[in-house]
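Sequences and hints are given; from them, build the entire structure.
Chain by chain, the residues run as shown.
Number of protein chains: 2
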Amino acid sequence: MQNRSHCPIVFALDLIGDKWSLIILRDIILFDKKFYKDFADSQERISTNILADRLAKLEAARIISKKGDTEDKKRFIYRPTEKGLALIPMMLEMVLWSAQYDKKTAASADVLKRIKKDPVKFAEDIKNRFR
Amino acid sequence: MQNRSHCPIVFALDLIGDKWSLIILRDIILFDKKFYKDFADSQERISTNILADRLAKLEAARIISKKGDTEDKKRFIYRPTEKGLALIPMMLEMVLWSAQYDKKTAASADVLKRIKKDPVKFAEDIKNRFR
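As they're listed, the protein sequences go chains A and B. Oh and the first sequence: position 32 is 32 in the numbering used here, straight run, nothing missing. Oh and the second sequence: position 41 is 41 in the numbering used here, straight run, nothing missing.
Calculated directly from the structure, the hints in this document are not laboratory data. Here the structure is a predicted model, which is why all the values come from computation and not from measurement. Just to be clear, a hint being listed does not mean it is correct.
Treat identical chains as interchangeable: a pair holds within one or across any two.
[Said to hold, decoys possible] Quick list of in silico lysine to aspartate or glutamate cross-link-like pairs, EDC-like style, CA-CA up to 20 Å:
#, residue 1, residue 2
1, K104, D41
2, K57, D102
3, K116, D41
4, K34, D125
5, K104, D14
6, K83, D102
7, K116, E82
8, K34, D118
9, K103, D14
10, K33, E59
11, K33, D72
12, K103, E82
Right, here's the structure in full:
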């Protein structure tokens, strides 16, 4: 797809309009996962080649950053950048939508209540964990 | 992917976590397009087999509805359902994010200002066009 027109919907989709990219971002931002092994162990069972590809793409788009782990030089720590953290409001809207239409949603009533009450504060609280 | 755990992020991705599905929803909800031909003519040049597949999936998920056009019996009118319209806040967050990070964004300053000032009202105004 080409986004010569710079449609803002297409711009976002070009970078994160892929199921696996958003699942990895969920793991990093909402579930606080940091390491390759943690993402590979997610219950959605992402394949290792897709995982490596999407991590590289998210890093190239500066949505996440990758740096060596000072405690274990063989592994890397993945963290969200400010650009990645700026996706939280969109993710929270996805959560609210799903909670409304999935009768078996795993989103807790308490979390939903807090998101609805003050989505900006909810997003800021998450961001502050990474700053 | 299986969503046995009913993660709300995965629930949304299972239904709309596909670039083309969201482009079609953009056309229907934000660009007020109604007919198959209009979607096929979008500048992203969606192929007809993908277009037909995604329209059927969105209809099966009750995100859009399809009914015969009373003015031209050979064609159908596609409209968003309430479930589809409930995706507007998520789409607006995508727009804000892209406008922030795409220097060449096509999102107009006036629209961005109105979304930021009162996103709930902005979404309601769009919804009311379809009710």
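Hint-by-hint comparison with the structure:
1. K104 x D41: Intra 23 Å, inter 38 Å, cutoff 20 Å: neither.
2. K57 x D102: between (30 Å within a copy, 17 Å between copies)
3. K116 x D41: Answer is neither: 31 Å inside a copy and 38 Å across each miss the 20 Å cutoff.
4. K34 x D125: within (18 Å within a copy, 41 Å between copies)
5. K104 x D14: between (30 Å within a copy, 15 Å between copies)
6. K83 x D102: between (29 Å within a copy, 11 Å between copies)
7. K116 x E82: between (23 Å within a copy, 19 Å between copies)
8. K34 x D118: Neither way: K34 and D118 sit 27 Å apart in one copy and 35 Å across, limit 20 Å.
9. K103 x D14: Answer is between: at 15 Å across copies they meet the 20 Å cutoff, but 31 Å inside does not.
10. K33 x E59: within (15 Å within a copy, 35 Å between copies)
11. K33 x D72: Classified as within; 16 Å inside a copy, 54 Å across copies.
12. K103 x E82: between (33 Å within a copy, 16 Å between copies)
Comparing the model with each numbered hint stated earlier shows that hints 1, 3 and 8 do not hold.
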